[in-house]
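Residue numbers (the working numbering), protein chains in the order written: chain A, 96 to 573; chain B, 612 to 703.
Hints listed in this document are in silico derivations from the structure and should not be mistaken for laboratory results.
Ideal Cβ positions, reconstructed from N, Cα and C, are used throughout, including at glycine.
A couple of the hints might just be wrong.
Here are the in silico distance ranges between beta carbons for each label pair [claimed, not checked]:
| no. | chain 1 | residue 1 | chain 2 | residue 2 | range |
| --- | --- | --- | --- | --- | --- |
| 1 | B | G615 | A | A399 | 50 to 58 Å |
| 2 | A | I561 | B | G687 | 30 to 38 Å |
| 3 | A | G253 | B | E624 | 39 to 47 Å |
| 4 | A | A293 | B | G615 | 35 to 43 Å |
| 5 | A | A558 | B | R649 | 19 to 27 Å |
| 6 | B | G615 | A | R542 | 57 to 65 Å |
| 7 | A | R150 | B | S676 | 41 to 49 Å |
| 8 | A | A558 | B | S676 | 18 to 26 Å |
| 9 | A | R509 | B | G687 | 49 to 57 Å |
| 10 | A | P409 | B | R649 | 36 to 44 Å |
Footprint (simulated), chain B over chain A, 3 or more residues, beta carbon under 8 Å [stated by the list, open to error]:
| no. | region |
| --- | --- |
| 11 | 248-261 |
| 12 | 436-447 |
| 13 | 520-534 |
Chain by chain, the residues run as shown.
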Amino acid sequence: MPTSPAEPGGAAWDIAVLGAGPAGLAAAAAAARAGARTALVDSAPRVGGQYWRHREGDRGAGHHHWPVLRGLRDAVRGLDRLDYLAGHAVWHEERTPGGFTVHATDAQETEGQRSREIRCRTLIIATGAYDRQLPFPGWTLPGVYTAGGAQALLKGHGVTVGRRAVVAGTGPFLLPVAVALAGAGVAVAGVFEAGSPAGFRRHPAAIAGNPGKLIEGAGYLAALLRHRIPYRTRTTVVAAHGTDRVTAVTVARLDADWRVLPGTGQRLDCDAVAVGYGFTPQVEIPLQLGCATRLDGDGSLVAAADEDQRGSVPGVYLAGEVCGVGGAALALAEGELAGLHAAQASIGARPDRAPAARLRRRRSGLRAFAAAMHDAHPVRPGWTGWLTGDTQVCRCEEVSLDEVRRSVTDLGARDARTIKLLARPGMGLCQGRVCGYATACLAADLRGHAGLPSADDLRGLSARPIAQPVTLGQLAGD
Amino acid sequence: MSDGLWFIFGDREIPAESGQSIGAALIAAGYRSWRTTRHGGAPRGIFCGIGVCFDCLVTVNGRSSQRACLTEAAHGDRVEPQEGAGRADLAC
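Isolated chain A, as found in the complex (with noise of 0.2 Å):
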């Protein structure tokens, strides 16, 4: 495969596609039919993203949509101008003249691992979306789980996270976990929303133009009673207990701002926690070339896409979560635009004007209803008040909140990269990427903002020049 640089002849691919969730494998399906040489660059061994995460032989069962993926895994073996690039993780991508070098280690040889160049003229980033993660008293014990965490350990390797566990954050997502656990035989003590989803109900429109959505949510209220598990709204996870594992929460009530009401705190046995509070889109690529961003109704930072899914830079086109927090359906119709206009501009086919009118159609009903989405589970900034001045914000560089507090009244820092300097939240091994959220909103906080991050605050936490982690011989080009 001409994949080296000593190898003549320009790009090697028309399009590369980073990323083979629904959006990307969407996408590089589209590109390669319309006649794009297209390479589809992931880091798992199989296809599907966090969404179908999946084990060799899974016949779906407890996944969504999953004869979709089996049309598109099928069209990634049998489309001819598509190769797939199983076990290839990104770290670095340059523009180059007449198109972008993709910088991708090679997952799969442990040994002597090399880095290996991708080139292509026209690149889709998919790169998706990861938990988002607020921190409170006991979220570092061994035990408590990101939701996705959780949900990972089973769908992908068939492990239960603990006998009685404890489901928390705020977002629908919160609900297929319980299930999902619950099926596979765990007792879920309560799923804690801390927000108040009845906010839904300000959006008739986006409800009633997305009835599927709404059959889905109500397929897995339907399971949470049958398995009895109850469901709390206004309440969640405060603190988890343990010495070298967690053994209990303390779930609370909340006000309309997350403030905890005095006197509601109930303790829970449980030996597994597992919560989210929505997702951060993994925004480090299109930073790195340059691509404009902005603060999404969620407000997470996202890549900016025009109408043909066309990011700020040349070349570079963006699909599902990565340019805006929406669910699968609405990731695989950004993702098929996004191959149907970048095979356009890559080699000049002209998409058919019908179905990529029915797709805008759908992407336009699928956005609307991920904003009303947005807006009955925002964040609000109560959280700060589960903290003690010891919890822990940084789980990496194990820096405490009252460490960050320091480098703002003690050092004078104003926002939230000025935090990261001072104080070293966001500089360890995951470089911010679990902690970067919460550190831009006590930034927002302690400059008097009431806890809401800006564009800014989070586009500070959120560059990393090196999206994974290469050793030295990589980067000197061993």
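Got chain A sorted already, so can you dock chain B onto it with the hints?
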């Protein structure tokens, strides 16, 4: 059910299924933590489960700082817990 695959962790043989990560197999075997932090010496295991947080680092066949949640278990692997920065070999 195991496919007959196992790896060594400390002095134990840990069964794993084909395609399962080292971290998932450790959780199935009852472990919750296998790393201590650099500053506080606090126990850590899997948190994000998808390669984002780097909490679950282990040393696999002598290579330090591998993410247990992403690294597929291979038969006969020697997996060691990781303390601090994971570079005990450089300490003097």
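Quick rundown of the hints versus the structure:
no.: 1; hint: B:G615 x A:A399: 50 to 58 Å; verdict: 51 Å, holds
no.: 2; hint: A:I561 x B:G687: 30 to 38 Å; verdict: 32 Å, holds
no.: 3; hint: A:G253 x B:E624: 39 to 47 Å; verdict: 19 Å, violated
no.: 4; hint: A:A293 x B:G615: 35 to 43 Å; verdict: 52 Å, violated
no.: 5; hint: A:A558 x B:R649: 19 to 27 Å; verdict: 24 Å, holds
no.: 6; hint: B:G615 x A:R542: 57 to 65 Å; verdict: 58 Å, holds
no.: 7; hint: A:R150 x B:S676: 41 to 49 Å; verdict: 26 Å, violated
no.: 8; hint: A:A558 x B:S676: 18 to 26 Å; verdict: 23 Å, holds
no.: 9; hint: A:R509 x B:G687: 49 to 57 Å; verdict: 54 Å, holds
no.: 10; hint: A:P409 x B:R649: 36 to 44 Å; verdict: 43 Å, holds
no.: 11; hint: 248-261; verdict: holds (count 6)
no.: 12; hint: 436-447; verdict: violated (count 0)
no.: 13; hint: 520-534; verdict: holds (count 5)
The structure shown violates the earlier hints numbered 3, 4, 7 and 12.
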